[in-house]
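Novice: Keeping the supplied structure of chain W fixed, place chain E upon it in accordance with the hints.
As given, the protein sequences belong to chains W and E, one line each in that order.
Numbering follows our numbering, in which position 311 of the first sequence is assigned residue number 291; successive positions increment by one, without gaps.
Numbering follows our numbering, in which position 159 of the second sequence is assigned residue number 139; successive positions increment by one, without gaps.
Simulated from the structure, these hints should not be mistaken for laboratory data.
Worth double-checking, as some hints may not be accurate.
Note that identical chains are pooled: a pair holds if it fits in a single copy or bridges any two copies.
What the hints assert, rightly or not - Mimicking DSS-like on lysine-lysine, the simulated pairs with C-alpha atoms at most 27 angstroms apart in a straight line are:
hint: 1; residue 1: 227; residue 2: 653
hint: 2; residue 1: 244; residue 2: 259
hint: 3; residue 1: 334; residue 2: 260
hint: 4; residue 1: 653; residue 2: 67
hint: 5; residue 1: 653; residue 2: 339
hint: 6; residue 1: 21; residue 2: 67
hint: 7; residue 1: 48; residue 2: 215
hint: 8; residue 1: 67; residue 2: 530
hint: 9; residue 1: 258; residue 2: 244
hint: 10; residue 1: 670; residue 2: 244
hint: 11; residue 1: 215; residue 2: 611
hint: 12; residue 1: 670; residue 2: 48
hint: 13; residue 1: 21; residue 2: 48
hint: 14; residue 1: 67; residue 2: 48
hint: 15; residue 1: 48; residue 2: 79
hint: 16; residue 1: 67; residue 2: 84
hint: 17; residue 1: 670; residue 2: 260
Note that the structure is a prediction, hence the values are computed from the model and not measured.
2 protein chains.
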Amino acid sequence: MKRFAFVLAMLCTACCQAETGYELWLRYQPIANAQYLNACKSLIRSYEVHGTSPTLQAASAELERGLKGMLRISLPRTNPGSIILAKPEHLLSFPNTIKTTLQKTGTEGFIIKTISIDNKKRILISGNTDQAILYGVFHFLRLIQTAQNIHSLDIISIPRSALRLLNHWDNLNRTIERGYAGFSLWQWNNLPACVDQRIIDYARANASIGINGTVLTNVNANALILTDPFLQKVKALADVFRVYGIKTYLTARFSAPIENGNLKTADPLDPAVRAWWKKKVDSIYQLIPDFGGFLVKANSEGQPGPQDYGRTHADGANMLAEALAPHNGIVMWRAFVYSHTSEDRFKQAYEEFKPLDGKFNANVLVQVKNGPIDFQPREPFSPLFGSMPGTPLMMEFQLTQEYLGQGTHLVYEAPLFREVLDADTYANGKGNPVSSTLSGFAGVANIGNDLNWCGHPFAQSNWYALGRLSWDQQLSSEEIAREWIKQTFTTTPAFVEPVLDMMMHSREWLVNYMTPLGLTHIMYNDHHYGPMPWGNSLGRPDWNPVYYHKADSAGIGFNRTSSGSNALSQYAAQVRQQFEQIDTCPDDYLLWFHHASWDHTMQSGRSLWNELCYRYHTATDSVRQMQQQWKSLRRFVDPERFRHVEQLLAIQASEAAWWRDACLLYFQTFSRKPFPAGYEPPAHDLEYYKNLHIRLTY
Amino acid sequence: MKRFAFVLAMLCTACCQAETGYELWLRYQPIANAQYLNACKSLIRSYEVHGTSPTLQAASAELERGLKGMLRISLPRTNPGSIILAKPEHLLSFPNTIKTTLQKTGTEGFIIKTISIDNKKRILISGNTDQAILYGVFHFLRLIQTAQNIHSLDIISIPRSALRLLNHWDNLNRTIERGYAGFSLWQWNNLPACVDQRIIDYARANASIGINGTVLTNVNANALILTDPFLQKVKALADVFRVYGIKTYLTARFSAPIENGNLKTADPLDPAVRAWWKKKVDSIYQLIPDFGGFLVKANSEGQPGPQDYGRTHADGANMLAEALAPHNGIVMWRAFVYSHTSEDRFKQAYEEFKPLDGKFNANVLVQVKNGPIDFQPREPFSPLFGSMPGTPLMMEFQLTQEYLGQGTHLVYEAPLFREVLDADTYANGKGNPVSSTLSGFAGVANIGNDLNWCGHPFAQSNWYALGRLSWDQQLSSEEIAREWIKQTFTTTPAFVEPVLDMMMHSREWLVNYMTPLGLTHIMYNDHHYGPMPWGNSLGRPDWNPVYYHKADSAGIGFNRTSSGSNALSQYAAQVRQQFEQIDTCPDDYLLWFHHASWDHTMQSGRSLWNELCYRYHTATDSVRQMQQQWKSLRRFVDPERFRHVEQLLAIQASEAAWWRDACLLYFQTFSRKPFPAGYEPPAHDLEYYKNLHIRLTY
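In isolation and in its complexed conformation, chain W is listed as follows (with noise of 0.2 angstroms):
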């Protein structure tokens, strides 16, 4: 037996294509540990299913195929089966105590839990919807890939969040903006006739980790999108999608009634205007019953918006909540804005949102970036966050690294997440997190046509943490890369603790690579990659680098306390009190509220340059032993996915000391100190960096 499964395992190699990464963390290898498999074929054997609807087809199809991969086995469907999908209602031995467990576990939630019928062991996977079953299949598909003992299983999963979103910002061209992983996955030309497999798969992915909406359009909107044409081909993707608990969403573009309607304007408060959207989404519930709703950019970068009429965002986002109410359809309105003109820019979602809170439509929701600019490596977390208690909130993070080394570094950005969700708003007191203040979150996708879907291999880790911890705001980071990795790559534990410590430093090595101690939007104009700390050549103050460190002879940072432009008012005061001292400032985010002497003492006890300089080399190095660390990773990877991120680590490690001699090199013109001895000396000169133009946008 042992020896026939050695052949199998050999030969079966050999017929398998090569690692694409499109496969995504539901790779269904043979499981390897011949004891965890045995353990596993004994308790399943067969599968039963009460139901027809295409949700639990699509439940049925997945369990076989995960199983026919991972057991080698094509499994039955036998009544009474080893494992049972089944809703209380169609089972008439349903035991009641689980009954009574499924009162509390809405319409996703679902348990999965080994009983005894007839004597035999049986794993029940349930819920009140086929959709809550499809959840509760792929979790246990995501037990046996992550090797986890089933022998005796008692798991109830309720998602903390109704709203889990992907964002594509998918221009009808196919281009992505900020994408990173090649053209949209809509194929606009070829639906609604042909809907191809990878649409399917999206669907599978994200179904697989609780994502339960997605926004196909970009937030700077085409109106061609809410066209009759163009609603037929989002029908057939929301076709597709519905059958994995998927609602379809799209971005309005404000000004679409006068584009499309041939309407004069698109005031809010026009009668005309109202009974366009009316109509429009009239007619995509006809076509969609289901439809999500809109996401909306207005009035930010040139965006059309309600201000161009004299109105305000709850007057532009109340009218399309009213027409979206009928249908139980909802508006996401972004706060994002970044067309008014504030002496900080910080202050500016603030300044504009905190005055509506309280004035939107109970279907509205605003949507907020998880700092006050805009995706930065590191960033406070929005002082919006608790400061709208009569408004429900959307956490928007973003997947696609726009600022954080795009397709190119690896960085997990979960640490990240978790930061954020994490911080305490001290809105009504201690104990209140940005976590508490939600009631939904967008991820802006990182997802393209790309063979792996997202350009760098370990870019998939995004899309899948911000699945998992949209459904469970517990869960740690540390805990979702090792589901992440064992799935994706092996359940080995030599491969997977190196990558998991890999992973869980990527993102603080990052910020001190390019943006430590709080420093901001340093980057290239326009394609936000490389370091341009000298950026001074835009129109505008605040789309320029200098605007941003502020650094000059006497030192560096923004000075957003009371004796500056007093951003830090903005939050509740026991954050302000963390932030307000520049003695207590924590050193992560010193620049982001002071303007520091050069000479100032940091809390490790260095001045403030030599910790600048700290920070830049040592995260350099950090990032040169990760590239070491995959290296003596080979022997677990297949040599496909192996040799890509080898290549793409020795250009993050090039990359992180571009980033540390540039801006080392330029702020050390207004420091006018040495470098610490010690250190490995610049490359190069600071005019052959600011003459790099190295990266294209796309």
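Specialist: Below, chain E without anything else, positioned relative to chain W:
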């Protein structure tokens, strides 16, 4: 044994990933026919390889990979081996007869021969270079994939053309002009440090069909590619391609000396300009010693060129040629000129280039599109073929189906290629087909980063055909299609024959539902998809469909005889005679050359109007039959590719009817004749079709 094999097959199906099309025609699936499998296994037990070059390593790896997949054996390397990869000088016992044969196989030709050593049958794969052996290995694997008898092999294969190129119209921002299969494969931002697996697989695919050159960049060129950082990136790709015998070429923007070199002019007779190009070319060869040369589009559609300085195409090409000559590089200068104004666009290329015959340097080729206009469904061959005896010519075919249904319609192009190649130019009398006038082949690539490379699963066949036909212009379209079907799907005759039939008719059906009887360029402006025969809104006459069909109450078609534009005078007399007389002009070309009365009696006996109706209707019906044919083949195809093709055929069938109805309704406004009885009536009125705008350019 049989039972064991069955179990294996089942299990391997279980573990293998779904068919994505990524593997192209190199799928190396397990041989299902036990008898053939055993025959192969009895002949193939091991291999020996003489030499260690990267190319021989690639040949060995491919041999191992292919036989592992098809025979399920890990082929041991032994000495002696049952397969021998060796050049004559590396094998002491090399048969003298074969040495003699190899004297005429050049640097790329190979032999595959069954020989006897020590009374044992061995298969010798040999040639004068490692590259020739790699080609031999790919051919040997093709024999097995197509289930050929390999018992007694005696194959000599020599490419009939030394230049067998792909032209990528890829922009540096990764969009592809006229690309319908995603983003560019060239990930400029991560090059040169990161060369992903897909680049290697691209090179393998090309080598397997004999393609030995690739132009990486769009003919509408960006001078950035000629800057040092980008040349470093090009070098990284060239280093991979070299292993597979593929030379790297670039497009040269004629104004690069101004844009990159800060010169005031790009005048080809200016010494500073000439020196700039010489230095630039020298620097390219420093990086890429086997760099192929430049492809240039000049003074066409807004591209800069020598005419901007009052110089000729020859002046421009020769300047570049002079810089390339010391390195054995070449210039491919495109004859597609579309800015010069002639009363008949048909005549422009000939008018500009014929006078330059003999004036180009020896390392310049003029690259001519197959027809005089622009990759239409059917064109007569370009009159430049046969008219430039003093100039080597390249054939430019377009794989990407810009005017042939793009990524959506199933069109096998080999019959189009063959039709052009076989057309007799009558240069120096009868029996001088276009193929005899050629020194090289270029195919405008239909390749992007979509999972299956080409968008439509059947579009892969056009890439395949270009390679095979460039290697051997004697191959018939049927032979090539059979090879492709067997490798891409299955060798089962019950599948191969009906699919062959679909493919072989597909281009003729497309001609007849789009542009029958010699109609030309009646597609939508800009995206070139769908019917717009009424188009008459653009500034220049020859940008408008009405220019091309000239329909009026008297008739339809473009008079290019001596009583019209006399474009026919550009052909040899015998060719002219074929087309000059309306009564003997073949129906398929009638409207290319004649403005014919609606009542004109066709060779079919029908009137022109009735023949037009007949062609549009029967072609549409044929596409519907193709759709049904495919449905009947479900059991032979994996569900993913089956469904993809099924959906695309549904679009094609519906769009054939769209073409038919839109064109016939429009032309009826001129003919004022009824539709003959018995035909399906149009689904909508003409206004409906005029208001359809369903396609986006991407």
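Novice: Could you place residue 21 and residue 67 in one of the four classes (within, between, both, neither) given a Cα distance threshold of 27 angstroms?
Specialist: within (25 angstroms within a copy, 53 angstroms between copies)
Novice: Tell me, please, which holds for residue 67 and residue 48 at an alpha-carbon limit of 27 angstroms: within, between, both or neither?
Specialist: Within one copy only: 24 angstroms inside a chain, 46 angstroms across chains, cut-off 27 angstroms.
Novice: Classify it for me, residue 48 with residue 79: is the Cα-Cα distance of at most 27 angstroms met within a copy, between copies, both or neither?
Specialist: Neither way: residue 48 and residue 79 sit 31 angstroms apart in one copy and 53 angstroms across, limit 27 angstroms.
Novice: Between copies, within a copy, both or neither: which fits residue 653 and residue 339 at Cα up to 27 angstroms?
Specialist: Close neither inside one copy (53 angstroms) nor across copies (66 angstroms); limit 27 angstroms.
Novice: For residue 48 vs residue 215, is the C-alpha pair at or below 27 angstroms within one copy, between two copies, both, or neither?
Specialist: So residue 48 and residue 215 fail the 27 angstroms test inside a copy (32 angstroms) and across (44 angstroms) alike.
Novice: For residue 670 vs residue 48, is the C-alpha pair at or below 27 angstroms within one copy, between two copies, both, or neither?
Specialist: Cα proximity of residue 670 and residue 48: none, with 56 angstroms in one copy and 52 angstroms across.
Novice: From the Cα coordinates, with 27 angstroms as the cut-off, is the pair residue 670 and residue 260 best called within, between, both, or neither?
Specialist: Between. Shortest inter-copy distance 24 angstroms satisfies the 27 angstroms Cα cut-off; intra-copy 51 angstroms does not.
Novice: Have a look at residue 334 and residue 260 and pick one of within, between, both or neither, based on CA distance no larger than 27 angstroms.
Specialist: neither (30 angstroms within a copy, 59 angstroms between copies)
Novice: At most 27 angstroms between CA atoms: does that hold for residue 244 and residue 259 within a copy, between copies, both, or neither?
Specialist: For residue 244 and residue 259, the Cα distance is within 27 angstroms only inside one copy (17 angstroms; across copies 59 angstroms).
Novice: Up to 27 angstroms between alpha-carbons, please classify residue 227 paired with residue 653: within, between, both or neither.
Specialist: neither (57 angstroms within a copy, 52 angstroms between copies)
Novice: For residue 67 and residue 84, with the copy left unspecified, which applies at a CA distance of at most 27 angstroms: within, between, both, or neither?
Specialist: This pair counts as within: shortest intra-copy Cα distance 14 angstroms, inter-copy 75 angstroms.
Novice: Within a copy, between copies, both or neither: where do residue 67 and residue 530 come within 27 angstroms Cα-Cα?
Specialist: Classified as neither: same-chain Cα gap 61 angstroms, cross-chain 68 angstroms, threshold 27 angstroms.
In summary, the structure is inconsistent with hints 1, 3, 4, 5, 7, 8, 12, 15 from the numbered list given earlier, while agreeing with the others.
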